[in-house]
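**Q** Listed below, chain by chain, are the residues.
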Amino acid sequence: MLSTRVIACLDVQNGRTVKGTNFINLRDAGDPVEQAKQYSTIGADEICFLDISATYEKRRAMFNVISKTAETCFVPLTVGGGVKDLNDFRDLLNSGADKVSINSSAVYNPKLIKQSSDKFGNQCVVLAIDAVENIKMPSGYEVTTHGGRKKTNIDSLKWAKQGVKNGAGEILLTSMNTDGTKKGYNLKLTKLISQNVSVPVIASGGAGSPKDMVDVVLKAGASAVLAASIFHYDIHTIYSVKKEMSENGIIVRDCEN
Amino acid sequence: MNLAIIDYGSGNLRSVENAFKNSININKLKFSIEVTNKLTSISKADHLVLPGVGSFPDCKKGLKDIDGLIDLLNNEVIYKKKKFLGICVGMQLMVDYSSEKKRTAGFGWLKGNFKKIEKKGLDYLGRDYKIPHMGWNNLQIENKIHPIVENISENEQYYFVHSYFLESKQNDQIIANTTYNHKIPAIIGKDNYVGVQFHPEKSGNSGQKFLYNWLKWRP
Chain B
1 MLSTRVIACL DVQNGRTVKG TNFINLRDAG DPVEQAKQYS TIGADEICFL DISATYEKRR
61 AMFNVISKTA ETCFVPLTVG GGVKDLNDFR DLLNSGADKV SINSSAVYNP KLIKQSSDKF
121 GNQCVVLAID AVENIKMPSG YEVTTHGGRK KTNIDSLKWA KQGVKNGAGE ILLTSMNTDG
181 TKKGYNLKLT KLISQNVSVP VIASGGAGSP KDMVDVVLKA GASAVLAASI FHYDIHTIYS
241 VKKEMSENGI IVRDCEN
Chain Z
258 MNLAIIDYGS GNLRSVENAF KNSININKLK FSIEVTNKLT SISKADHLVL PGVGSFPDCK
318 KGLKDIDGLI DLLNNEVIYK KKKFLGICVG MQLMVDYSSE KKRTAGFGWL KGNFKKIEKK
378 GLDYLGRDYK IPHMGWNNLQ IENKIHPIVE NISENEQYYF VHSYFLESKQ NDQIIANTTY
438 NHKIPAIIGK DNYVGVQFHP EKSGNSGQKF LYNWLKWRP
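Chains as they are written, first to last, in our numbering: chain B, 1 to 257; chain Z, 258 to 476.
Worth double-checking, as some hints may not be accurate.
Unchecked claim - Simulated DEER-style distance windows between Cβ atoms:
hint : chain 1 : residue 1 : chain 2 : residue 2 : range
1    : Z       : Val-292   : B       : Pro-110   : 42 to 48 Å
2    : Z       : Ser-300   : B       : Lys-150   : 52 to 58 Å
3    : Z       : Asn-332   : B       : Asn-94    : 47 to 53 Å
4    : Z       : Gln-397   : B       : Lys-111   : 39 to 45 Å
5    : B       : Pro-110   : Z       : Glu-411   : 41 to 47 Å
To be verified - Here are the computed lysine-lysine pairs in the DSS-like style, where the Cα-Cα straight-line distance is at most 25 Å:
hint : chain 1 : residue 1 : chain 2 : residue 2
6    : Z       : Lys-359   : B       : Lys-114
7    : B       : Lys-68    : B       : Lys-84
8    : Z       : Lys-373   : B       : Lys-119
9    : Z       : Lys-358   : Z       : Lys-318
10   : B       : Lys-219   : Z       : Lys-377
11   : Z       : Lys-295   : Z       : Lys-318
12   : B       : Lys-119   : Z       : Lys-426
13   : Z       : Lys-373   : B       : Lys-114
14   : B       : Lys-188   : Z       : Lys-337
15   : B       : Lys-165   : Z       : Lys-358
16   : B       : Lys-243   : B       : Lys-211
17   : B       : Lys-161   : Z       : Lys-359
18   : Z       : Lys-338   : B       : Lys-119
19   : Z       : Lys-376   : Z       : Lys-285
20   : B       : Lys-119   : Z       : Lys-447
21   : Z       : Lys-338   : Z       : Lys-440
22   : B       : Lys-165   : Z       : Lys-373
23   : Z       : Lys-376   : B       : Lys-191
24   : Z       : Lys-373   : B       : Lys-161
25   : B       : Lys-114   : Z       : Lys-376
26   : B       : Lys-68    : Z       : Lys-466
27   : B       : Lys-119   : Z       : Lys-358
28   : Z       : Lys-278   : B       : Lys-68
29   : Z       : Lys-358   : Z       : Lys-295
30   : Z       : Lys-359   : B       : Lys-111
31   : Z       : Lys-426   : Z       : Lys-368
32   : Z       : Lys-278   : Z       : Lys-426
33   : Z       : Lys-376   : B       : Lys-158
34   : B       : Lys-191   : Z       : Lys-295
35   : B       : Lys-161   : Z       : Lys-372
36   : Z       : Lys-285   : Z       : Lys-358
37   : Z       : Lys-359   : B       : Lys-188
38   : Z       : Lys-358   : Z       : Lys-368
No lab work stands behind these hints, which were simulated from the structure alone. Because the structure is a prediction, the values reported are computed rather than measured. The C-beta atom is built at its ideal place from N, Cα and C for all residues, glycine as well.
Work out the full structure, taking the sequences as your base and the hints as a guide.
**A** As C-alpha cells, then:
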C-alpha cells in the first residue's frame with residue numbers, strides 16, 4: 001500500500017540552513033547537506049529545500065548544496081524559492097533536484113507551469129500555493145506571493161485547478177494563516193483543494209505535533225505532510241510522527257527510532 | 258566491468274549515477290560507470306542502464322534522435338544478451354507500446370502496453386486515488402527465486418512516480434507487482450533484461466539493495 005509521505009523542509013539562505021536543528025552528531029549544524037542526509041537516514045520520505053536567498057549570486061550556493069546532497073541522499077529532493085524561468089528549472093534539475101517547486105513566478109508568468117511540465121515532465125513540477133483567508137474570494141482563499149506579503153486577487157481553488165490542468169504534478173499547499181502557529185494545519189483549506197484536484201496535495205503550515213499530521217490526513221485527505229520547525233528542535237522526530245500516524249491507521253514507511 | 262548509463266536527453270542522470278557509484282563503493286565492486294550517448298561507448302559497455310523521466314513519446318523521440326541507438330540497443334540486449342536495466346520510462350519502453358498522449362511503439366522486448374492508472378474508487382482512508390501514483394509503496398514478489406529480488410522483503414518500500422501502468426497477460430515476465438487501486442507491475446523482465454517502474458536511485462537503502470542485486474546478477 002502507498003505510504004503517506006512525511007517531508008522534512010529546510011530553509012536555506014546563502015547555502016546555509018536558517019533555523020537550527022538539534023542533531024547532535026552533525027559536524028556542522030548549519031550545513032543543509034548534513035541535515036538532509038540525517039533526515040533521510042532517520043526516515044524522512046522526501047527532503048524539501050526552500051531557498052530564501054535574496055540575490056542570484058547568493059542563490060548559486062544552492063546549486064552546490066543540491067549537488068552535494070544528491071551524492072549521498074537517496075530520497076527524492078524538492079527545491080523551491082526564487083525559480084523564475086526554464087533556465088532556473090534546468091539548473092536545479094541538473095544540480096540533482098528531482099522536483100522543483102514554483103510559486104510567485106507561476107503567478108507572474110502562468111505559462112511557466114506548462115512550459116516546464118512540457119519540457120521536463122509533470123512529475124518534477126510542484127505548484128506551491130501560499131493561501132490566505134479572504135471571504136471575497138469564491139473559495140474563501142486568496143493566493144499570495146512573497147511569503148504571504150503580496151496579494152494577487154487570484155482564487156486559490158481556481159489557481160490549483162488551473163495549475164493541474166497546465167501540468168503541475170503535485171501541489172504544495174501552505175496556509176499563511178496557520179503557518180508558524182504550531183496549532184495545526186488548515187484542515188478546511190487542505191480538504192477543499194485536495195478534494196478538487198486530481199494530483200497529490202502536500203499539506204504545509206502549522207504543524208506543531210504528530211497529532212496535527214494525523215488530523216490533516218484523516219480529516220482533510222492530504223497525500224503528504226510537510227513540516228520544518230517541528231523537526232528542528234528535537235521535540236518531535238520523524239519517528240514520533242510516523243509512530244503516531246501508524247497508530248491511527250495511516251500507512252507510513254518504516255523508519256529508525 | 259563497465260556500466261553505461263544511456264543519456265538521451267531525458268532529465269538528469271546524476272541521481273542514477275550517484276546511486277550506482279554508492280552501491281559500487283560500499284560493496285567494493287569493480288565497475289566503472291560512464292554516462293554516455295555515444296554508440297561506440299554503449300557497444301563497448303558490459304552492462305546497460307536506460308533511465309527515463311517525462312512522457313513516453315518524448316523519451317521515445319529522444320532515443321530516435323540519436324541515430325542508430327534503438328537498433329544498437331536491440332542488438333546489444335536481444336542478440337548479444339548484454340545485461341540491461343530500464344528505469345521508469347526506460348522500463349516502459351521495453352514493451353510493445355504506450356497509450357500516453359498518443360499510441361507510441363516501444364522496443365517490443367516484453368508483451369503488453371501502458372495505459373492510465375484507474376482513478377475510480379477511494380483508498381483505505383476514503384481519499385481519492387491521486388494521479389500520478391507518487392510515493393513509497395511495497396512490492397508483492399511474484400518470482401521469488403529471481404536473483405534480482407534476493408533479500409528484498411515485501412515490507413520494504415520503493416519510490417514510485419508514474420501515471421501509466423503495464424497491462425499484460427504475460428504473467429511469467431512479471432517479477433514483482435505493487436498495488437495502487439489495482440495491481441501494477443513493478444519489476445518486469447526476461448532472460449538478461451529487467452525493468453523497474455520505481456526509482457531505485459531514490460529508494461533509500463531498499464533501492465541500494467536492488468541496485469546491488471542487479472550489479473551482481475549473472476543472467
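**Q** All the hints need checking, so say for each whether the structure fits it.
**A** Here's how the hints hold up against the structure:
{"no.": "1", "hint": "Z/Val-292 x B/Pro-110: 42 to 48 Å", "in the structure": "violated, 35 Å"}
{"no.": "2", "hint": "Z/Ser-300 x B/Lys-150: 52 to 58 Å", "in the structure": "holds, 56 Å"}
{"no.": "3", "hint": "Z/Asn-332 x B/Asn-94: 47 to 53 Å", "in the structure": "violated, 31 Å"}
{"no.": "4", "hint": "Z/Gln-397 x B/Lys-111: 39 to 45 Å", "in the structure": "holds, 42 Å"}
{"no.": "5", "hint": "B/Pro-110 x Z/Glu-411: 41 to 47 Å", "in the structure": "holds, 44 Å"}
{"no.": "6", "hint": "Z/Lys-359 x B/Lys-114", "in the structure": "holds, 18 Å"}
{"no.": "7", "hint": "B/Lys-68 x B/Lys-84", "in the structure": "holds, 23 Å"}
{"no.": "8", "hint": "Z/Lys-373 x B/Lys-119", "in the structure": "holds, 20 Å"}
{"no.": "9", "hint": "Z/Lys-358 x Z/Lys-318", "in the structure": "holds, 13 Å"}
{"no.": "10", "hint": "B/Lys-219 x Z/Lys-377", "in the structure": "holds, 20 Å"}
{"no.": "11", "hint": "Z/Lys-295 x Z/Lys-318", "in the structure": "holds, 17 Å"}
{"no.": "12", "hint": "B/Lys-119 x Z/Lys-426", "in the structure": "violated, 33 Å"}
{"no.": "13", "hint": "Z/Lys-373 x B/Lys-114", "in the structure": "holds, 20 Å"}
{"no.": "14", "hint": "B/Lys-188 x Z/Lys-337", "in the structure": "violated, 59 Å"}
{"no.": "15", "hint": "B/Lys-165 x Z/Lys-358", "in the structure": "holds, 14 Å"}
{"no.": "16", "hint": "B/Lys-243 x B/Lys-211", "in the structure": "holds, 10 Å"}
{"no.": "17", "hint": "B/Lys-161 x Z/Lys-359", "in the structure": "holds, 24 Å"}
{"no.": "18", "hint": "Z/Lys-338 x B/Lys-119", "in the structure": "violated, 34 Å"}
{"no.": "19", "hint": "Z/Lys-376 x Z/Lys-285", "in the structure": "violated, 44 Å"}
{"no.": "20", "hint": "B/Lys-119 x Z/Lys-447", "in the structure": "violated, 32 Å"}
{"no.": "21", "hint": "Z/Lys-338 x Z/Lys-440", "in the structure": "violated, 30 Å"}
{"no.": "22", "hint": "B/Lys-165 x Z/Lys-373", "in the structure": "holds, 16 Å"}
{"no.": "23", "hint": "Z/Lys-376 x B/Lys-191", "in the structure": "holds, 18 Å"}
{"no.": "24", "hint": "Z/Lys-373 x B/Lys-161", "in the structure": "holds, 20 Å"}
{"no.": "25", "hint": "B/Lys-114 x Z/Lys-376", "in the structure": "holds, 23 Å"}
{"no.": "26", "hint": "B/Lys-68 x Z/Lys-466", "in the structure": "holds, 22 Å"}
{"no.": "27", "hint": "B/Lys-119 x Z/Lys-358", "in the structure": "holds, 15 Å"}
{"no.": "28", "hint": "Z/Lys-278 x B/Lys-68", "in the structure": "holds, 14 Å"}
{"no.": "29", "hint": "Z/Lys-358 x Z/Lys-295", "in the structure": "violated, 29 Å"}
{"no.": "30", "hint": "Z/Lys-359 x B/Lys-111", "in the structure": "holds, 23 Å"}
{"no.": "31", "hint": "Z/Lys-426 x Z/Lys-368", "in the structure": "holds, 8 Å"}
{"no.": "32", "hint": "Z/Lys-278 x Z/Lys-426", "in the structure": "violated, 36 Å"}
{"no.": "33", "hint": "Z/Lys-376 x B/Lys-158", "in the structure": "holds, 21 Å"}
{"no.": "34", "hint": "B/Lys-191 x Z/Lys-295", "in the structure": "violated, 50 Å"}
{"no.": "35", "hint": "B/Lys-161 x Z/Lys-372", "in the structure": "holds, 23 Å"}
{"no.": "36", "hint": "Z/Lys-285 x Z/Lys-358", "in the structure": "violated, 43 Å"}
{"no.": "37", "hint": "Z/Lys-359 x B/Lys-188", "in the structure": "violated, 38 Å"}
{"no.": "38", "hint": "Z/Lys-358 x Z/Lys-368", "in the structure": "holds, 20 Å"}
Of the numbered hints stated above, those contradicted by the structure are hints 1, 3, 12, 14, 18, 19, 20, 21, 29, 32, 34, 36 and 37, listed in ascending order.
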